[in-house]
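> Kindly produce the complete structure, drawing on both the sequences and the hints.
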Amino acid sequence: MGRILGISAFYHDSAAALVADGAIVAAAQEERFTRRKHDPRFPANAIRYCLEEAGLALGEIDHIVFYEKPFLKFERLLETYLAFAPRGFRSFRTALPVWLSEKLFQKRLLIDELAAIGGKGEWDAKLLFTEHHQSHAASAFFPSPFDEALVLTMDGVGEWATTSACIGRGNTLEVLKELHFPHSLGLLYSAFTYYTGFKVNSGEYKVMGLAPYGEPRYADLIMDRIVDVKPDGSFRLDQQYFDYCTGLTMTNDRFHDLFGGPPRMPEELLTQRHMDLAASIQAVTDEIVLRLTRSLAAETGQRKLCLAGGVALNCVANGKVAREGIFDDIWIQPAAGDAGGALGAALAVWYQYLGQPRITSPNRRDAMEGAYLGPAFPQAEIERRLADAGAVFTVLDETGLVETCARMLAAGQALGWHQGRMEFGPRALGARSILADPRSPAMQKQLNLKVKFRESFRPFAPAVLREDLAEWFELDADSPYMLLVSPVREDRRRAMTTAERALFGIDKLNVPRSDVPAVTHVDYSARIQTVHAETNPLFHALISRFKSLTGCPILVNTSFNVRGEPIVCTPEDAFRCFMGTEIDALAVGRCLLRREEQNPALRLDYKDRFELD
Amino acid sequence: MTFLAELWSFLRARRKIWMMPMLVVMILLGGLLILAKGSAVAPFVYTLF
Chain A
1 MGRILGISAF
11 YHDSAAALVA
21 DGAIVAAAQE
31 ERFTRRKHDP
41 RFPANAIRYC
51 LEEAGLALGE
61 IDHIVFYEKP
71 FLKFERLLET
81 YLAFAPRGFR
91 SFRTALPVWL
101 SEKLFQKRLL
111 IDELAAIGGK
121 GEWDAKLLFT
131 EHHQSHAASA
141 FFPSPFDEAL
151 VLTMDGVGEW
161 ATTSACIGRG
171 NTLEVLKELH
181 FPHSLGLLYS
191 AFTYYTGFKV
201 NSGEYKVMGL
211 APYGEPRYAD
221 LIMDRIVDVK
231 PDGSFRLDQQ
241 YFDYCTGLTM
251 TNDRFHDLFG
261 GPPRMPEELL
271 TQRHMDLAAS
281 IQAVTDEIVL
291 RLTRSLAAET
301 GQRKLCLAGG
311 VALNCVANGK
321 VAREGIFDDI
331 WIQPAAGDAG
341 GALGAALAVW
351 YQYLGQPRIT
361 SPNRRDAMEG
371 AYLGPAFPQA
381 EIERRLADAG
391 AVFTVLDETG
401 LVETCARMLA
411 AGQALGWHQG
421 RMEFGPRALG
431 ARSILADPRS
441 PAMQKQLNLK
451 VKFRESFRPF
461 APAVLREDLA
471 EWFELDADSP
481 YMLLVSPVRE
491 DRRRAMTTAE
501 RALFGIDKLN
511 VPRSDVPAVT
521 HVDYSARIQT
531 VHAETNPLFH
541 ALISRFKSLT
551 GCPILVNTSF
561 NVRGEPIVCT
571 PEDAFRCFMG
581 TEIDALAVGR
591 CLLRREEQNP
601 ALRLDYKDRF
611 ELD
Chain P
1 MTFLAELWSF
11 LRARRKIWMM
21 PMLVVMILLG
31 GLLILAKGSA
41 VAPFVYTLF
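Chains A and P, in that order, give the protein sequences. Counting in this note's numbering, the first sequence runs from 1 upward without gaps. Counting in this note's numbering, the second sequence runs from 1 upward without gaps.
The hints are simulated quantities; they were obtained by calculation from the structure and are not laboratory data. Treat the hints loosely; a few may be bogus.
Stated by the list, open to error - Quick list of in silico lysine-lysine cross-link-like pairs, DSSO-like style, CA-CA up to 27 Å:
| # | chain 1 | residue 1 | chain 2 | residue 2 |
| --- | --- | --- | --- | --- |
| 1 | A | K177 | P | K16 |
| 2 | A | K508 | A | K450 |
| 3 | A | K607 | A | K445 |
| 4 | P | K16 | A | K508 |
| 5 | A | K199 | A | K103 |
| 6 | A | K120 | A | K107 |
| 7 | A | K177 | A | K230 |
| 8 | P | K16 | A | K320 |
| 9 | A | K450 | A | K320 |
| 10 | A | K126 | A | K177 |
| 11 | A | K177 | A | K320 |
| 12 | P | K16 | A | K69 |
Stated by the list, open to error - Using C-beta positions, here's what the derived DEER-type ranges look like:
| # | chain 1 | residue 1 | chain 2 | residue 2 | range |
| --- | --- | --- | --- | --- | --- |
| 13 | A | K177 | P | S9 | 23 to 29 Å |
| 14 | A | R563 | P | R12 | 46 to 52 Å |
| 15 | P | I17 | A | A376 | 49 to 55 Å |
No residue lacks a Cβ here, since even glycine has one placed at the ideal position from N, Cα and C.
Structure below.
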């Protein structure tokens, strides 16, 4: 009755989630196991992990649910081609064989894959399908701490919907309105991601990180010519400028002429124009999201907001909504992208299909367990795995580990931190993280170039003790999933000289801007993670000890991986990444590894190991 | 067979019966193209087109 397995797959970021009697038992993305970033394949490894965590066999699962409806998606595809015919024949010719030979028969494919894990069974009878935006909305509302809320989902596209507004009440979700393909905020943002030379579906963070270096010079042009935004935030994209309905790229020549040149090639030098384009699309996105939330709040009278869908990972826009004061409280699903659809689909079955009652936590905690829903490794197993990998380590007690690590961080060292259950969603939240001292002016550049091997413009996020948040940032709300951006407080900022203020673009990066320069972006903003003793006591203890040593209750927190690599999962993954980068020390469970003690023969050439994202 | 029954009920529920002829042609053509990958059927496909 109550064991539900949710699956998202076959597009990007496939994942599995297991819900038992309404409680979220486990959730993980397939990429973490296969070590292939954004792996879209059937999540066999993630499913096996979820079953193992729950101590169940696949045959003991009552319902298996896929996060979208393939027939409905095919209907959209076909109608789109018909609407644009004869344009788009080349794209039609490419897409159709894949659909006719594979995607249209996804149910069969799912049944075969399930049989490969669980043997022969009544998989057909157990298999259900939810709609893509229903999965997102369910992932946003059902785990939230709210009894009633406005639920807004925005992404590229699922079946037809690209934006949907619902009211969540108890165990129900009532759809108020939807915007349909091809009018999509996610696809608009992705068009600019493509145009500025980054990968669609993964480079959107980079555009967001690049935006503060530029001026929104093209925002009016975007609003005047390519997107018609109404006062209530609904919008239409002028398809004359896009190629995604009929072609194999996001934008077309008319778009390129409008913005003054062809798309930037990957790895081509970033210029001020690209930064201005990033700033412009970010400004337009902020405006659309603000108009949508304002009008929906006025229309429904709701004072609480839940967000999901890929656009909800745009923490700059989220931060603006939070600071507008339209809502008393905002909750954002940490796995807001398609991976979270697996969880949403499972929760939708429990509450909407099975009609089970939903009781929110009396202490207003959400049901995500801090997003720590992935695999953990017992201490004995960590020691065995590390020893097998050839690692040299010291085993400490918990107090000793916290003390030693805090001192290393205060001395300016970069620390790999692999503790407890892995996070679900794209952010590392103190379970699979690289940590560092945010007070160091050189830290951002050093971490980007020597540890992460990624573009030097990309900002780092602060993990700050929740109780000290308001002392450092202009925000006094929980942001446990690093999904709100807020400015550093004025009194923590460093005034810039006239010469420094005159700098343009990436030159601004080298100017220390606050007491915590490594986590302060060029516009004084920071992507905040609030750390709570209730959800991650060890991480909280580490930052607290760092605070007592330095007076600073903040650490740089970046994901434990290099550019193009999925975040580490196992102790071996962590050790490999440690040996391939310039991280100074690594803490896996209570094992502490120091760089200088490791066997130099085990060092890896890690930089070119992963395809660039 | 189950697939066709599901597709039919989907088209009825969505009131998109008009898509059926197009889908049938596509599925038949697609099926032929897939079968044509195996050498045994390939000569018949060439004869047909």
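> Confirm or reject each hint.
Checked hints:
1. Restraint check for A:K177 and P:K16: satisfied, since their Cα atoms lie roughly 22 Å apart, inside the 27 Å limit.
2. Between A:K508 and A:K450, the direct Cα distance comes to roughly 20 Å. Compliance with the 27 Å bound is thereby established for this hinted pair.
3. Simply put, A:K607 and A:K445 have alpha-carbon atoms about 16 Å apart, close enough for the 27 Å limit, and the pair holds.
4. Distance check on the hinted pair: P:K16 and A:K508 sit about 56 Å apart at the alpha-carbon level, beyond 27 Å; violated.
5. With a C-alpha separation of about 23 Å, the suggested pairing of A:K199 with A:K103 holds against the 27 Å cut-off.
6. In summary, the hint linking A:K120 to A:K107 is supported, as the alpha carbons are separated by about 15 Å, within the 27 Å threshold.
7. Simply put, A:K177 and A:K230 have alpha-carbon atoms about 15 Å apart, close enough for the 27 Å limit, and the pair holds.
8. At most 27 Å may separate the alpha-carbon atoms for a hinted pair to count; P:K16 and A:K320 exceed this at roughly 42 Å.
9. The straight-line distance between the Cα atoms of A:K450 and A:K320 is roughly 33 Å, outside the 27 Å bound, and the hint therefore fails.
10. As the CA atoms of A:K126 and A:K177 are separated by approximately 30 Å, the hinted pair breaks the 27 Å bound.
11. Proximity of A:K177 to A:K320 is assessed by CA-CA distance (about 23 Å); at most 27 Å being required, the pair is judged to hold.
12. A threshold of 27 Å between alpha carbons decides the hint, and for P:K16 with A:K69 the separation of about 16 Å falls inside it, so the pair holds.
13. Range check, A:K177 to P:S9: Cβ separation about 27 Å, and the 23 to 29 Å hint holds.
14. Checked against the hint of 46 to 52 Å, the pair A:R563 and P:R12 passes, with Cβ atoms roughly 49 Å apart.
15. P:I17 and A:A376 have their C-beta atoms about 52 Å apart, which keeps the hinted 49 to 55 Å range intact.
Violated hints, listed in ascending order, are 4, 8, 9, 10; each of the other numbered hints is respected by the structure.
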